[in-house]
Amino acid sequence: MAFLDLTNLEKTFGSNRVVKDFSLGIEKGEFVSLLGPSGCGKTTVLRMVAGFETPTAGAIRIDGQEVTGQRANQRNIGMMFQAYALFPNMTVADNVAFGLKVKGVPRAERETRVEEMLRLIGLPEMGARFPFQLSGGQQQRVALARALAPRPRVLLLDEPLSALDAKVRVSLRNQIREIQRELGITTIFVTHDQEEAMSISDRIVVMNGGIAEQVGAPFEIYNHPNTRFVANFVGTLNTFTATVVAPESGQVEVAGQVVTLAGTPIPAGKGDRVTLALRPEAVRFGREAGREIVLPATIAEVHFLGSVIRLTVNVDGTMVALDTFNRPDQPPPPIGLASEISFAAADVILLPEA
Amino acid sequence: MKRLVAWAALVAGCLYFLLPLVGMTEFSLKMRRGEYSFDAYAKVFEDPRFWETFGYSLTLAAATIVFGVLLVVPTAYWVRLKLPQARPVIEFITLLPLVIPAIVIVFGYIRLYNTSSVLPLTGSAFGTDILLMMGYATLALPYMYRAVDTGLRTIDVATLTEAAQSLGAGWFTILARIILPNVLVAVLSGAFLTLAIVIGEFTMAALLNRPAFGPFMQLLGANRAYEPPALAVIAFAITWGCMGLIQLVTRFSKHERAKA
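Those protein sequences? They're chains A and B, same order as listed. Residues in the first sequence are numbered consecutively from 1, following this note's numbering. Residues in the second sequence are numbered consecutively from 355, following this note's numbering.
These are computed hints drawn from the structure, not numbers from a lab. Fair warning: this is a prediction, and the values are worked out from it, not measured in the lab. Among these hints, one or two may not hold up.
Residues on chain B that point at chain A, a partial pick, calculated with CB under 8 Å [said to hold, decoys possible]: (1) T527; (2) P535; (3) N536.
Glycine included, each C-beta is placed from N, C-alpha and C at the ideal position.
The whole structure should be built from the sequences, with the hints applied where relevant.
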């Protein structure tokens, strides 16, 4: 049994089933992200683990102990909130010490622990300040210290980076991951930002409509999506509609050309229409060795993003996005230029029909 | 032109409010013929009944405030946290004392809690004091509830509660150490309003026959000329002092300053 075990969790609000038969096992020290669009049930799962919502059905076990019926204040779970939720009437040190005080930890031990925590988050001099005297990033770091101070069994992060600006967000997520690794604390991170989830997670649970669509390592989720939703939700995806020519040999017709896909046979009949998907980084502008499929394309849009140029090309009526690296000696191609794109059959993802 | 009208309105408003006060204060200083003096105030302060009734009303005000805080803070907190749909009902209930006259409430009390009832509170002085305190708490309810509810609106009650719960805190700790300190200024403003109401209240104290400041003011007003306005000025000074204290508390509360 996993360290944190969620078995057949269900949550219903009135007639609305928000979480449906959700099961997940998380090992000790693992960092798992619940990723999905708004309303997919990820926060509800987190709140059930925290004890703020009672599951309609199912069980939650931490380290073998059933906690489903326990109140939130009995579970020893640390939590970070999107809105920081620092106590405005207390100083930073008092905020961090709060959980220890509630537990009845002696003063001397408490002070040592607070110092230790403030050093851990890189704010050792800020103990006497009030939350309103700190920036958003600093407040969230204090919230992390406060959540970790009582040595919780599990750490829950409810979109803690959403309210921060882009730069702080990246540095704080790295710091959270660093601290999580250092302490080896089992962590669940809720986010709707796929880049955030992929950059710091050991595993990602992609949720949709209250169910876990796919659970896996970021590499796995990105490169081998199990469902059309996962493929569309995680990363940018180009899709083509193709007609199966010979399912046994993996031959399909796309944009007037017959191409052979890797990983044959195709689970469809001759003449059936299937959807092929390609990540932008798998597509090259022009011909390139090792990318055997070549299709005619016309440049429709050019977005200069600094180190990368994102091109959108028209392939027989289908818009395809692809990335090229910026080269100072080569300006971006003009809109309307007729050219070609190439990609390898091995990079094509055959999407299951919805 | 607009500025002129605004200034004229301000001056008219000030005159409307200040003239009676100035007139009353001036009259209270005229006890000695031909010169201004504080004789009326001295007379009031020399009267032992002033101190007795004032002390009694202050004690009851303190009890009313404690009772009001214990009743209103958890109620307003719970309504905001768990029963937002019940807010209109609670607001309606808290507004009732504004539309039901004190005399109706007190007659109701006398009928319900007289010596032949199940709970004969009017049978002893202490019991009647409790009844009077309950009555005062009812009269102050609209002000106390609104003050606390406004205070709660300035903080994220749900998230702070959940943060405290995740750190192991129970309901009492959350209320005492998170919610109350964060709405303290609102609670204090409610408390000072309660104090002002209790100090000047006449009907309930008179009908329950308790030695409060309100009936004393009425008694003095019926028999003397200069002392009643002096008493009124003192009562105003107490009210303004309370308001000054609210400001002072707000200024000295660091985190409250940040919210403002």
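In rising order, the numbers of the hints this structure does not comply with:
none
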